[in-house]
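Taken in sequence, the protein lines are chains A and B. Read in the working numbering, the first sequence has 99 at position 99, and its numbers run on one by one without any break. Read in the working numbering, the second sequence has 50 at position 50, and its numbers run on one by one without any break.
Just so you know, the hints here were simulated from the structure itself, not pulled from any lab data. Hints may be right or wrong, so weigh each one.
Here are the simulated DSSO-like cross-link-like pairs (lysine-lysine), alpha carbons at most 30 angstroms apart as the crow flies [said to hold, decoys possible]:
hint, chain 1, residue 1, chain 2, residue 2
1, B, Lys22, B, Lys36
2, A, Lys42, B, Lys44
3, B, Lys67, B, Lys9
4, A, Lys57, A, Lys22
5, A, Lys68, B, Lys36
6, A, Lys58, B, Lys41
7, B, Lys40, A, Lys105
Ranges between beta-carbon positions, derived for each pair [as the list claims (entries may be wrong)]:
hint, chain 1, residue 1, chain 2, residue 2, range
8, B, Thr59, A, Thr10, 18 to 28 angstroms
9, A, Glu15, B, Phe42, 20 to 30 angstroms
10, A, Gly1, B, Asp30, 16 to 26 angstroms
11, A, Ser9, B, Lys22, 30 to 40 angstroms
12, A, Thr69, B, Thr113, 43 to 53 angstroms
13, A, Thr69, B, Arg63, 17 to 27 angstroms
14, B, Lys67, A, Thr78, 43 to 53 angstroms
15, B, Ser65, A, Thr78, 42 to 52 angstroms
Every residue, glycine too, gets a C-beta built ideally from N, C-alpha and C.
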Amino acid sequence: GENVEQHPSTLSVQEGDSAVIKCTYSDSASNYFPWYKQELGKRPQLIIDIRSNVGEKKDQRIAVTLNKTAKHFSLHITETQPEDSAVYFCAAVPGGGADGLTFGKGTHLIIQP
Amino acid sequence: DTAVSQTPKYLVTQMGNDKSIKCEQNLGHDTMYWYKQDSKKFLKIMFSYNNKELIINETVPNRFSPKSPDKAHLNLHINSLELGDSAVYFCASSQGLAGTYAYFGPGTRLTVT
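Take these sequences, add in the hints, and give me the full structure.
Structure (structure tokens):
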């Protein structure tokens with residue numbers, strides 16, 4: 001089955017700086033890669049996603065890049081703000097999709113004021 | 001208007017009991033899921049259910065059984081609860097089997113004593 005590795009497990013950055021979270025996946029047939037943000041005690045919420053036929057996608061301060069050859073994808077957050085503090089999960093949908101989302105282990109992003 | 005709802009929000013019970021968690025979605029999605037988030041925040045798929053087709057993660061004990069009375073509901077029944085079942089259980093839904101744009105419910109925190 002699919003295996004998703006996520007790094008780092010904790011990331012602390014100064015407010016206003018950029019943050020980068022990296023993930024790798026194992027199933028070359030995976031074709032959809034979402035990122036979820038989970039605030040303490042809340043549900044995971046989809047913040048951005050990318051499909052395998054696209055190399056980069058941007059939405060305001062967040063962007064995701066995908067390298068299919070290397071089987072890795074990354075989340076970039078620029079001009080970080082206190083409300084960006086949360087746990088971020090990357091995920092992949094294996095080929096066929098019927099197995100649901102396979103998640104990475106999460107990155108706790110801490111924005112220092 | 002809540003897209004994916006779960007009841008109860010908190011569930012405290014003793015070992016050996018049987019309990020159920022209910023999930024409803026009003027997004028018109030045709031695929032629903034149950035995910036388990038353990039104390040280390042790891043999110044893992046338990047089941048996906050689409051048009052009466054049930055796909056089970058092979059690591060899920062058969063004490064767990066999903067039941068879907070219709071396309072908008074997917075309930076989770078757990079028999080003979082064990083201490084290790086303590087976790088947050090999230091229901092989610094998406095359109096189609098590809099898992100895209102999966103929307104999560106608020107979660108049910110299950111504590112087994």
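Hints, one by one, checked against the model:
1. Straight-line distance between C-alpha atoms of B/Lys22 and B/Lys36 comes to about 14 angstroms, which keeps the hinted pair within the 30 angstroms bound.
2. Distance restraint check for A/Lys42 and B/Lys44: the Cα-Cα separation of roughly 16 angstroms lies within the 30 angstroms cut-off, and the hinted pair is therefore satisfied.
3. For the hint pairing B/Lys67 with B/Lys9, the CA-to-CA distance comes to about 19 angstroms; that is within 30 angstroms, so the pair holds.
4. Taking the CA atoms of A/Lys57 and A/Lys22, the gap is near 15 angstroms; set against the 30 angstroms cutoff, the hint holds.
5. Restraint check for A/Lys68 and B/Lys36: satisfied, since their Cα atoms lie roughly 29 angstroms apart, inside the 30 angstroms limit.
6. With a CA separation close to 27 angstroms, the supplied pair A/Lys58 and B/Lys41 stays within the 30 angstroms bound.
7. Taken as a hint, the B/Lys40 and A/Lys105 pair is honoured in the structure, with Cα atoms around 9 angstroms apart against an allowance of 30 angstroms.
8. Look at B/Thr59 against A/Thr10: about 27 angstroms separates their beta carbons, and that is inside 18 to 28 angstroms.
9. A hinted range of 20 to 30 angstroms holds for the C-beta pair A/Glu15 and B/Phe42, which are about 29 angstroms apart.
10. The hinted window of 16 to 26 angstroms between A/Gly1 and B/Asp30 holds, with their beta carbons roughly 23 angstroms apart.
11. Between A/Ser9 and B/Lys22 the beta carbon distance is about 33 angstroms. The supplied range of 30 to 40 angstroms therefore holds.
12. Separation of A/Thr69 from B/Thr113 is about 50 angstroms and conforms to the stated range, judged on CB atoms against 43 to 53 angstroms.
13. Between A/Thr69 and B/Arg63 the beta carbon distance is about 42 angstroms. The supplied range of 17 to 27 angstroms is therefore violated.
14. For the hinted restraint 43 to 53 angstroms between B/Lys67 and A/Thr78, the CB-CB distance of approximately 45 angstroms keeps it satisfied.
15. Separation of B/Ser65 from A/Thr78 is about 45 angstroms and conforms to the stated range, judged on CB atoms against 42 to 52 angstroms.
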